[in-house]
Amino acid sequence: MAQKPKVDPHVGRLGYLQALVNEFQETESQDAKEQVLANLANFAYDPGNYEYLRQLQVLDLFLDSLSEENETLVKFAVGGLCNLSPDKANKEHILQAGGIPLITNCLSSPNEETVLSAVTTLMYLSSPGTGSHPELTSLPLVQCMLRFSLSANIRLRNLAQIFLEDFCSPSQVAEARSQQAHSALGIPLPKTEAPQQP
Amino acid sequence: MESSLSGDDCPANLSTLGPFCSLIGHRVAHPADVVLAPRTAADKMAFSDGKPGCIFDHHVQTAVCDSRAKYRESRRPRAVKVYTINLESQYLLIQGVPAVGAMKELVERFALYGAIEQYNALDEYPAEDFTEVYLIKFVKLQSARIAKKKMDEQSFFGGLLHVCYAPEFETVEETREKLEERKAYIARATKSKDYYLTKKKLVPEQKGTKDSRQDFHSHIPGFSTAALNTSENSSPCLPYSCELPLCYFTSQTTCLPGDHVDRASNSCSGGRNHGELSKHCNLSAFSPELHVSTYKNSLPCSSMQEAVTTSESVGRFMPRTTQLQERKRRRDCDRELGTFSETNTSSNEVVIGPKLPGLPPVDLQDDSLNTTANLIRRKLKENSSKGILTAGIKHRTWTLPWGGRPELLLRRAADRHTSQCPAFL
Numbered sequence: 001m002a003q004k005p006k007v008d009p010h011v012g013r014l015g016y017l018q019a020l021v022n023e024f025q026e027t028e029s030q031d032a033k034e035q036v037l038a039n040l041a042n043f044a045y046d047p048g049n050y051e052y053l054r055q056l057q058v059l060d061l062f063l064d065s066l067s068e069e070n071e072t073l074v075k076f077a078v079g080g081l082c083n084l085s086p087d088k089a090n091k092e093h094i095l096q097a098g099g100i101p102l103i104t105n106c107l108s109s110p111n112e113e114t115v116l117s118a119v120t121t122l123m124y125l126s127s128p129g130t131g132s133h134p135e136l137t138s139l140p141l142v143q144c145m146l147r148f149s150l151s152a153n154i155r156l157r158n159l160a161q162i163f164l165e166d167f168c169s170p171s172q173v174a175e176a177r178s179q180q181a182h183s184a185l186g187i188p189l190p191k192t193e194a195p196q197q198p
Numbered sequence: 199m200e201s202s203l204s205g206d207d208c209p210a211n212l213s214t215l216g217p218f219c220s221l222i223g224h225r226v227a228h229p230a231d232v233v234l235a236p237r238t239a240a241d242k243m244a245f246s247d248g249k250p251g252c253i254f255d256h257h258v259q260t261a262v263c264d265s266r267a268k269y270r271e272s273r274r275p276r277a278v279k280v281y282t283i284n285l286e287s288q289y290l291l292i293q294g295v296p297a298v299g300a301m302k303e304l305v306e307r308f309a310l311y312g313a314i315e316q317y318n319a320l321d322e323y324p325a326e327d328f329t330e331v332y333l334i335k336f337v338k339l340q341s342a343r344i345a346k347k348k349m350d351e352q353s354f355f356g357g358l359l360h361v362c363y364a365p366e367f368e369t370v371e372e373t374r375e376k377l378e379e380r381k382a383y384i385a386r387a388t389k390s391k392d393y394y395l396t397k398k399k400l401v402p403e404q405k406g407t408k409d410s411r412q413d414f415h416s417h418i419p420g421f422s423t424a425a426l427n428t429s430e431n432s433s434p435c436l437p438y439s440c441e442l443p444l445c446y447f448t449s450q451t452t453c454l455p456g457d458h459v460d461r462a463s464n465s466c467s468g469g470r471n472h473g474e475l476s477k478h479c480n481l482s483a484f485s486p487e488l489h490v491s492t493y494k495n496s497l498p499c500s501s502m503q504e505a506v507t508t509s510e511s512v513g514r515f516m517p518r519t520t521q522l523q524e525r526k527r528r529r530d531c532d533r534e535l536g537t538f539s540e541t542n543t544s545s546n547e548v549v550i551g552p553k554l555p556g557l558p559p560v561d562l563q564d565d566s567l568n569t570t571a572n573l574i575r576r577k578l579k580e581n582s583s584k585g586i587l588t589a590g591i592k593h594r595t596w597t598l599p600w601g602g603r604p605e606l607l608l609r610r611a612a613d614r615h616t617s618q619c620p621a622f623l
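Chains A and B, in that order, give the protein sequences. Each residue of the first sequence is one higher than the one before, starting from 1 at the first, in our numbering. Each residue of the second sequence is one higher than the one before, starting from 199 at the first, in our numbering.
Take these hints with a grain of salt, some might be off.
[Unchecked claim] For lysine-lysine, the following BS3-like pairs were computed, each having C-alpha atoms within a straight-line distance of at most 25 Å:
(1) A:Lys88 - B:Lys381
(2) B:Lys338 - B:Lys389
(3) B:Lys526 - A:Lys91
[To be verified] Over 10 Å on every C-beta distance to chain B, these chain A residues come out as not near it, computed from the model:
(4) Gly48
(5) Gln57
(6) Gln96
(7) His133
(8) Thr137
(9) Gln180
In case anyone wonders, no lab produced these hints; they're calculated from the structure. Because the structure is a prediction, the values reported are computed rather than measured. Ideal placement from N, C-alpha and C gives every residue a C-beta, glycine not left out.
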């Protein structure tokens, strides 16, 4: 059994979280960054920590990490956001910080957990019915969810279905469906530039 | 390691597998009655998609991390993993079960952590030689969390179990409920935290009535001193504050980083929050029903007797032993005032149970009967002062048919020509 961590008892929870944030910002080791981010994301599961996390600006740390190249960091960061987004205060903070485009970008990640966390986070940021943030029911997003609802991945299918049923109006879904019928879906975009003619 | 979305990921298909077993309301460790329940339409919908016996990434046990900095090492070796509500599920996949025909014992073991709705073997799921894979569906997600935490990496019939969540078995409705429950839990936890934080400001106004509560505190055994130290002057809550939201405890207690490092980047985080809350509250003595209400974090709904009056109506659930302690304390106070078994009318308390008659002892006009009555009375006083009432259930005076008055018993005994003393003396 590993020994208990030698933390000064007077430091407390806030101090511990502060130590994690400091390490994340200072370390150059990718492994350490992943470990610390996962640690913070798991702390974000417990509502008792939300005040500390807001105080330490961990929400912004998660949002910033969504732009990292390391897929694991993105996965952990969006997982952390998924954990704390049901809270009202956290939700306001994320919306004000312009989190929706960052999270929406995660929908195109090749990582399953990243996409699932992103879909769930968007749902928690939305309000049920049609009163939610307009970005959350934009046409491209609804189209994306429609595609997900046809996915072979059952977890993704379930989440997308819930999104379409609970957070989009029937007219929005119908519009997205009709637009999709005419769009060139399934044709992959070129990954590289066209070769230049000599 | 990462799976693509349009890849071969698919849930295990139960339609080709063994009989579907249903087990409802099973909490105790006695042999369960196995009932074969017909598959519901919803189940068929959930399980008939995709190829049978697929492995998902989240089923695979991630390697343990051994490069953590000392200050954030956990007690048990853990992998680097984040648990979200998506990953957690009432469905648990159990791998590594030795193929010795021990399904019944396995289910019984898991049923200790909560009611199981369904269970069955996944014959098509890839398994090591001589092992089997099972799927267990708990009625509640919290039971699944606790079961996973407790049973993962546990020995069973000579094998090591690997327990993981299996959210791919959920129906749309189950997923929806899961997400909504999470949201509701956070709303409750945050609201309760705000409630208690505002109460902190009101408590200084009630300092004058705190004295009797201090006396009450001293009688409570096994109280979490960590919580008491930080909440001594601020918390209006009784020590057995099992109804306190998790957030209150985690924010109020001075650090226990060991507990919370456990939560960090681990592969078995089931029941982490509430298991640790139980530790803080020392709730292990309470019934499982109490654990359920703690998880639900329900705000107290009924007003119970309190040591002090408060300006606002605070509904609070008081466990039985606390009520007994409270009655004992009041009896001690009354005894000091010379009024035995009378309620303290100066406080606006809610009296639970039948009120004892407050009549003075009566001369039975017989020396032997008077002697016996005095003996009984003395014994009653001795026993209640020794705190027997707190230890057991059977010695509560208000349950005695003769209301704790020796004269009545002896009168009836005399009437019936018997002179037996009550059996409890």
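A quick look at each hint next to the structure:
| no. | hint | verdict |
| --- | --- | --- |
| 1 | A:Lys88 - B:Lys381 | holds (10 Å) |
| 2 | B:Lys338 - B:Lys389 | holds (23 Å) |
| 3 | B:Lys526 - A:Lys91 | violated (49 Å) |
| 4 | Gly48 | violated (3 Å) |
| 5 | Gln57 | holds (18 Å) |
| 6 | Gln96 | holds (18 Å) |
| 7 | His133 | holds (16 Å) |
| 8 | Thr137 | holds (18 Å) |
| 9 | Gln180 | holds (17 Å) |
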